[in-house]
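**Q** Sequence:
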Amino acid sequence: MPSRRTVGLDRDLMEKLKEVTRKRGMGLSPYLRKLLSEAIELERLGYYAPRALKEKRIQVLLEMFNFCYVPSDINVNKDPRAYGRRLGEAMKEIGGDVYSVIEYLGLMHKIAIAHDDRITIVNTGGIGDGNAQKTIIAEILKGMAEGSGLPIEERGATAIIEMPKELKEELRRKAQNEIERQKGRR
Numbered sequence: 001m002p003s004r005r006t007v008g009l010d011r012d013l014m015e016k017l018k019e020v021t022r023k024r025g026m027g028l029s030p031y032l033r034k035l036l037s038e039a040i041e042l043e044r045l046g047y048y049a050p051r052a053l054k055e056k057r058i059q060v061l062l063e064m065f066n067f068c069y070v071p072s073d074i075n076v077n078k079d080p081r082a083y084g085r086r087l088g089e090a091m092k093e094i095g096g097d098v099y100s101v102i103e104y105l106g107l108m109h110k111i112a113i114a115h116d117d118r119i120t121i122v123n124t125g126g127i128g129d130g131n132a133q134k135t136i137i138a139e140i141l142k143g144m145a146e147g148s149g150l151p152i153e154e155r156g157a158t159a160i161i162e163m164p165k166e167l168k169e170e171l172r173r174k175a176q177n178e179i180e181r182q183k184g185r186r
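End of the sequence shown sits at 186 in my numbering; the numbers just go up one at a time, nothing left out.
Incorrect hints may appear among the rest.
Claimed, not checked - Cross-link-like lysine to any residue pairs, in silico, SDA-like; alpha carbons within 25 Å at most:
hint, residue 1, residue 2
1, 168, 146
2, 174, 3
3, 18, 57
4, 34, 116
5, 23, 34
6, 168, 32
7, 34, 65
8, 18, 37
9, 54, 116
10, 56, 71
11, 165, 179
12, 56, 94
13, 56, 78
14, 174, 100
15, 78, 57
16, 110, 46
17, 34, 21
18, 92, 71
19, 110, 61
20, 174, 156
21, 92, 165
22, 54, 78
In short, the hints are calculated from the structure, not lab data.
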């Protein structure tokens, strides 16, 4: 059993946290564990975690106005698939979770459907029409999958990217640990 340590927090902050976790259908401890684990991972990458949360809050606000991120050196005249391949290779080289990035960007740009074990990228148009930006992003994401070695299968206007076996195993293990932890409390 892990050792425990008391942390002092303001009462009003704790009440707000309890309300948040209640709305999420979670307990306070699992919520804080996930929150702090992600903060530690950000810090491990050299990024100040509170700043990341502030930037995410701003991003959510901008997304309400259909704002989205597009790489600064990509335009219609370049090969977005090749750019994505280079990006996927580089991210894999530094140990980044390329699958999660593809899922995040695909959902952010509303061109992906996330399933339990795969992501479906839906190409909604062609370069030159009103969906050129989404087409470019779709090509970048497909290239990222190729560059990082993720299994990808293209079927017409869609591409299916399979979840890596290591990630499937990690998610299965985490789910099993959570089930066992819940049984231990009874």
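**Q** Could you run down the list of hints and mark each one as holding or not?
**A** Now the hints, each set against the structure:
1. 168 <-> 146: holds (19 Å)
2. 174 <-> 3: Holds. Residue 174 to residue 3 sits at ~20 Å (cutoff 25 Å).
3. 18 <-> 57: holds (20 Å)
4. 34 <-> 116: holds (20 Å)
5. 23 <-> 34: holds (16 Å)
6. 168 <-> 32: Distance ~24 Å between residue 168 and residue 32 Cα, so the pair holds.
7. 34 <-> 65: violated (29 Å)
8. 18 <-> 37: Status holds; Cα separation ~18 Å.
9. 54 <-> 116: With Cα atoms ~29 Å apart, residue 54 and residue 116 exceed 25 Å; violated.
10. 56 <-> 71: Roughly 18 Å separates the two Cα atoms, so the pair holds.
11. 165 <-> 179: Status holds; Cα separation ~21 Å.
12. 56 <-> 94: Holds - the C-alpha atoms of residue 94 and residue 56 are around 23 Å apart, at most 25 Å.
13. 56 <-> 78: violated (29 Å)
14. 174 <-> 100: This hinted pair holds, its Cα atoms lying about 16 Å apart.
15. 78 <-> 57: violated (32 Å)
16. 110 <-> 46: Distance of about 30 Å is beyond 25 Å: violated.
17. 34 <-> 21: holds (12 Å)
18. 92 <-> 71: It holds: about 18 Å lies between the C-alpha atoms, which stays within 25 Å.
19. 110 <-> 61: This hinted pair holds, its Cα atoms lying about 16 Å apart.
20. 174 <-> 156: Roughly 35 Å between the alpha carbons, so the hint for residue 174 and residue 156 is violated.
21. 92 <-> 165: Cα-Cα ~15 Å, so holds.
22. 54 <-> 78: violated (33 Å)
Going down the numbered hints, you'll see the structure goes against 7, 9, 13, 15, 16, 20, 22, while the others check out.
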